[in-house]
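Let the sequences and hints guide you as you build the complete structure.
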Amino acid sequence: MQWSNILLGFETAAQPVNLLFCFIGVLLGQLVGILPGLGPAAAIAILLPVSFTMPPATAIILLAGIYYGAQYGGTITSVLLNVPGESSSVVTTLDGYQMAQQGRGGAALGIAAIGSFIAGTVANLALMVIGPLLADIALDFGPAEYFSLMILGMATITIFTSGSVVKGWSMAAIGVLLGSVGKDIISGVPRFTFGVRELMDGIGFVPVVMGLFGVAEVLSSLEEEGKPVPIKTNVRDALPSAEDMRRSGWPIARGTVLGFFLGLLPGAGSVVAAFASYAVEKRLSPTPEKFGTGMIEGVAGPESANNAAAGAGFVPLLSLGIPATAVMALLLGALMIHGIQPGPMLFSLHPEIVWGVIASMYIGNLMLLILNLPLIPLWVKCVEVPYAYMFPLILLFCLIGAFSLQYSLFDTGTLIAFGLIGYLMKKFGYEPAPLILALILTPLLENGLRQSLMISQGSPMIFITRPLSAAFLVIAALILLLPVLPARRRLFGERSK
Amino acid sequence: MIDGAPRTGGIARIARGDVAAGLVLLILGGIAAFASIKYGLGKWSVPGPGFLPFGAAVLIIILALVILARELTGAVRLEIGQVPSKTALRDVLAVLAAMVGYAALLPVTGFLTTTALFVGFLLRFVGRKSWLVTLLVAAGVAVVAHLLFVVFLAVQMPVTPFGF
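Top line first, the protein sequences correspond to chains A and B. Taking the working numbering, I'd label the letters of the first sequence as residues 26 to 522. Taking the working numbering, I'd label the letters of the second sequence as residues 3 to 166.
Careful, some of the hints might be misleading.
Within a straight-line C-alpha distance of at most 16 Å, the following computed EDC-like cross-link-like pairs (lysine to aspartate or glutamate) qualify [as the list claims (entries may be wrong)]:
id, chain 1, residue 1, chain 2, residue 2
1, A, K452, A, E248
2, A, K451, A, E248
3, B, K88, A, E248
4, A, K406, A, E377
5, A, K208, A, E223
6, B, K40, A, D209
Rather than coming from a laboratory, the hints here were simulated on the basis of the structure.
What follows is the structure in structure tokens.
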């Protein structure tokens with residue numbers, strides 16, 4: 026255990042500006058989690074330009090807070106309104122809403138908050154141990170290993186986030202093309218610029234991401250009609266009973282472990298973790314037929330799992346520089362724009378950032394626990410803000426954000442264009458996550474590919490003869506075979522929106 | 003939630019849309035492949051600038067053909083987004099037009115005015131709020147935005163000769 030680093034981390038996290046932005050981050054995350062139609066990915070994308078005005082540690086603390094904060098917030102509307110605020114909270118509607126109907130909404134929310142806190146904290150502890158270990162191993166990686174690891178990452182993200190593997194890979198390939206736009210670093214040849222001067226430096230991933238996640242979400246939400254009727258909730262009793270706590274103990278523990286390991290896999294993330302935990306709890310329960318009628322295990326497990334998975338997502342990001350989900354890809358992009366090269370060297374070159382973020386996650390989880398337990402009625406009020414007022418603000422933020430990056434209307438145009446593209450993609454069932462991941466990873470991917478081939482003097486066998494690289498590729502191939510297994514369909518079910 | 007349109011009609015239209023999407027991908031892949039060859043594929047031992055893009059383009063072409071084949075043979079019926087209703091479509095177009103308008107007007111009418119117009123337009127024509135509400139909220143948002151971004155964060159948003 027690197028105590029000096031941990032101390033450094035807490036020193037960094039305890040600086041007033043970082044405490045402030047940690048709070049703002051988790052608050053925004055909570056809010057974003059509550060509001061259906063606005064997800065952490067969109068919020069992070071929108072706040073990227075703002076985060077550039079701050080030092081990198083602060084920026085990541087803020088953006089990370091939004092991410093794990095959203096896992097807390099999504100529960101509230103799931104339980105009280107049967108409307109999942111986040112896709113990772115879909116499963117909570119099954120039993121959580123039932124509990125609310127039975128007047129036990131407060132207990133459900135309370136258990137969810139407690140489970141989320143425990144899971145988040147444990148995941149953080151694991152991150153502290155595994156992260157540096159993984160980073161050490163990764164220091165031996167060569168370009169071939171990186172290339173194969175990127176391929177593995179894209180394979181898992183594609184499997185887990187797309188309804189159709191074919192469509193997912195096509196999006197990843199498009200992302201590679203987009204990432205190739207601009208002057209080639211090695212040869213200086215301008216690629217896909219079509220004479221447009223502004224494209225010489227590439228397409229600018231921030232406007233693309235804001236368009237695909239922020240604007241496209243708004244455009245899709247315009248179609249939804251009808252507001253959920255708010256429950257007259259009496260949630261004074263936000264504390265679960267002793268019986269509730271007893272029953273939830275094991276589900277929380279199992280959810281945490283399951284969620285953590287699933288969260289390590291690129292692509293799996295909190296959604297898969299929540300579904301998996303629900304399935305596990307149901308299978309292990311002496312009364313599985315009661316699931317769906319208000320079993321607290323069906324809330325405790327998934328709510329812990331999604332938080333554990335969110336925390337676990339930071340492991341590959343901080344130790345390897347590999348994003349596990351679209352949100353992690355955004356954080357990766359944020360680091361890169363701050364001039365920080367993510368990868369195994371991050372732990373040694375920028376310990377204050379890594380450990381600062383880790384330390385702030387403890388603080389953030391604590392803040393969220395406090396925010397969640399007594400303040401539920403306040404949060405419920407937030408849902409009542411009509412979307413008609415919200416969406417112009419979201420769009421305005423996107424426009425200002427895109428423009429302010431380089432004071433360029435071209436970036437603004439990119440934003441709008443990708444907003445439209447993102448909307449069309451949604452309509453036709455093409456997921457943006459693989460595209461974003463590929464867009465961000467392409468420079469590393471290409472470097473890995475070209476350097477490996479130069480080292481091997483043209484032989485692609487280098488990716489297979491080097492053991493680690495071969496291992497990654499084998500796992501990637503196995504993952505691609507997953508859809509064929511019947512177990513996957515049972516476990517993950519249909520992808521609901 | 004397909005507004006008004008009969009369900010099968012909606013699915014059939016989106017299914018044909020999948021063919022359209024497949025064609026778009028095919029064309030994109032084709033263009034990218036040609037361009038990549040032009041940039042130079044290099045040799046296996048010294049990959050050129052077109053190497054990776056070419057690979058990606060070929061993958062796209064293959065996948066596009068798979069998508070088209072599946073659609074045209076009716077092999078897979080995938081879950082796809084709903085067909086938008088006429089009002090929803092009009093709203094989407096209005097929003098896009100508003101955003102383009104924002105970008106166009108920004109250097110001309112300055113940050114404050116453009117923001118007010120943008121928010122006002124959306125509230126009135128998409129949000130269908132009353133003129134009073136529209137006016138108040140648009141003005142309020144514009145002022146707050148000005149204070150937040152121009153004054154507090156010191157972002158150099160375009161201003162008219164009047165200073166806003």
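Each hint tested on the structure:
no. : hint              : result
1   : A:K452 <-> A:E248 : holds (11 Å)
2   : A:K451 <-> A:E248 : holds (12 Å)
3   : B:K88 <-> A:E248  : holds (10 Å)
4   : A:K406 <-> A:E377 : violated (38 Å)
5   : A:K208 <-> A:E223 : holds (11 Å)
6   : B:K40 <-> A:D209  : holds (14 Å)
Hint check: a violation occurs at hint 4 only; the rest are consistent with the structure.
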